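Peer 1: Given next are the chains, with one letter for each unit.
There are 2 protein chains.
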Amino acid sequence: MATKANVLLIGSGGVGTMATYALQTGGKADVTAVLRSNFKVVSENGFSIDSVQHGDGITGFKPTQILNQVPSAKEGQAFDFIVVTTKNIPDIRPNVADIIEPAVTPGHSVIVLLQNGLNIQVPIIERFPTNAVISGVSLIGATETSPGTVRHDDEDVSKIGVFESPKVPRDVAVAAAKKFVDIYNACGKVDCMYDEDVPFTRWRKLIYNTSYNAIATILRMDTTRMRISEHVIDNLIRPAMLEVKAAAKAAGVNLPDDICDLMIRIDPNDTYWKPSMCQDIEKGNLIEFENIVGEPMREAEKLGVATPVLKTLYGFTKALQFQIMEAKGLISPKWEKDSKYA
Amino acid sequence: MATKANVLLIGSGGVGTMATYALQTGGKADVTAVLRSNFKVVSENGFSIDSVQHGDGITGFKPTQILNQVPSAKEGQAFDFIVVTTKNIPDIRPNVADIIEPAVTPGHSVIVLLQNGLNIQVPIIERFPTNAVISGVSLIGATETSPGTVRHDDEDVSKIGVFESPKVPRDVAVAAAKKFVDIYNACGKVDCMYDEDVPFTRWRKLIYNTSYNAIATILRMDTTRMRISEHVIDNLIRPAMLEVKAAAKAAGVNLPDDICDLMIRIDPNDTYWKPSMCQDIEKGNLIEFENIVGEPMREAEKLGVATPVLKTLYGFTKALQFQIMEAKGLISPKWEKDSKYA
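Heads up: the protein sequence lines correspond to chains A and B, in order.
Using our numbering, the letters of the first sequence map in sequence onto residues 13 to 354.
Using our numbering, the letters of the second sequence map in sequence onto residues 13 to 354.
No lab work stands behind these hints, which were simulated from the structure alone.
Do not take every clue at face value.
Identical chains share a label here; the pair holds if one copy fits it or two copies do between them.
With a cut-off of at most 27 Å between alpha-carbon atoms, the simulated DSS-like pairs for lysine-lysine come out as follows [said to hold, decoys possible]:
hint	residue 1	residue 2
1	Lys330	Lys295
2	Lys346	Lys295
3	Lys74	Lys314
4	Lys330	Lys346
5	Lys352	Lys217
6	Lys217	Lys349
7	Lys340	Lys295
8	Lys16	Lys190
Since the model is a prediction, treat every value here as computed from it, not as a measurement.
Kindly generate the complete structure, drawing on both the sequences and the hints.
Peer 2: Laid out in structure tokens, this is it:
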């Protein structure tokens, strides 16, 4: 690439910060980072990072530009890549499409969704039919421990591939994905791979996320205790995983036979790890249940796969979102005399 | 009855206190009450009661005798009735059979289980095969607002019937149940009925308890909000109720077609009522999930009725009990290297 890629990166948690660092220090990208809660701190002092791959004691790191809102695309300065690392909460406006809209140059900006869940590309492709939409599945362990300070303690492995979009030729999208892999890997420290089979990668990750994230959130329980109790694995986690596996199969994705046993044991036991959705509810944050529980359930339904456990998990996580929304003042539940259940 | 019945009453919450009051003031029973948390207060000052049926401002009420532990049966002073109004937590020792054992005179004491749930009689009949075991289903609204102080704000309606026991002739058990109805009603203020069909009464109440109690507990949500959200009713409460109804049917109990719609709407909407199991978990108390969720599920399984929703509710409530037990110091979950899920 002759000139540096003009990258807009939205979302500044652990994943977003480490992506900003890798892209900017690789030298093949100028990163404009859109920050929220940590905007002031990072504008003044830069990020502080302890990283298992980039080194400890990094201070004062700033990308090319730091903004506190999504900029509008300007002529001659279009963003080549718009990387989204925010939570994906489609049940709340503004949703991801709303958030990125001002920055998108139709037919040009490549939209990279570095987010969990199924069918996250659907509303993006609908809104931006002429832009390539790229799947990013990150396996990084990185946490923002206080505003602007990130502890990156597990390797940054990410898989970048193509979401099929009717109006974008596949070779254009593939080239865009491979270019993103190139600029991400330019720092020489991380392991970003081109992903030939995005549905496989996403369904594989859902085996963990749909089960452990939802059940940990409903119970506020770490995954070590689930394995200690055994019954949480036997009566909740495994039945949920088996439904996701069956839905994947019906969608043409054949996951390995031992995938559930592998995912059941994938977390270390000495850290009493709480999955991210559980961390979110404990902080009072909205939860990403629609793409992590709702979409696999709906996909299964379309394909004729019975998912009674997922339906129940969906019912509970949607009810928890209702409570979080009330606590945040986004809704004010009031009893009405003409209610459906009056 | 020539002489007064010698009644032992174990459990001193709202239900237990109002039963003590009705039995003692009716004049056909001498009640020995076994109290725990409120023993000291009530020994000194008696109970304070505001009652929708017995009157407001009752103070200093004491039954014939107040004890702080279950007494041993003494020759010539056997208890005619042992009434149990404690929570029923069979997964913890001492269980109900353990608790009442010292007071039971084999072949004589009639054991009245004024408790919720299915199959609560099974361990009692096993331990005390020669004693009549009586079912009590109470619909009272009574709450102990502070130790020894009870607000009784909804009518005391109870149904008393027979649990079949192989070694106790049915006519003996029926006579015992009817005698209990007589001494309970003697105060002239309450509505205690002989129940011809205990399975019907218990399964009917389970339609509410298995669904609303478990789901409210898992979500810490009142039933008014569930009806406001609608989706909690549609996606959780009704599916659970339908499984209980199907299980009841397989057990030979035909509940009315409209039972679910009736139970969905049975609570007032202006009180934002949290079912008792939800109140328990919010107080850090152990929960009665085995007889309210586990037994209907196991009964359904035996009868070939699929209950995927109940199985999931059971998984969650059992996991919550695990957390409550840990918080109470009853268990100390530790990861072991040779664990099943290592």
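Peer 1: Each hint should be assessed against the structure and marked as holding or not.
Peer 2: Okay, the hints, checked on the actual structure:
1. Lys330 <-> Lys295: both (17 Å within a copy, 25 Å between copies)
2. Lys346 <-> Lys295: Classified as both: same-chain Cα gap 25 Å, cross-chain 26 Å, threshold 27 Å.
3. Lys74 <-> Lys314: neither (46 Å within a copy, 64 Å between copies)
4. Lys330 <-> Lys346: within (18 Å within a copy, 32 Å between copies)
5. Lys352 <-> Lys217: Intra 38 Å, inter 23 Å, cutoff 27 Å: inter-copy only.
6. Lys217 <-> Lys349: Answer is between: at 26 Å across copies they meet the 27 Å cutoff, but 44 Å inside does not.
7. Lys340 <-> Lys295: both (11 Å within a copy, 24 Å between copies)
8. Lys16 <-> Lys190: within (15 Å within a copy, 90 Å between copies)
Checked against the numbered hints given earlier, this structure breaks only hint 3.
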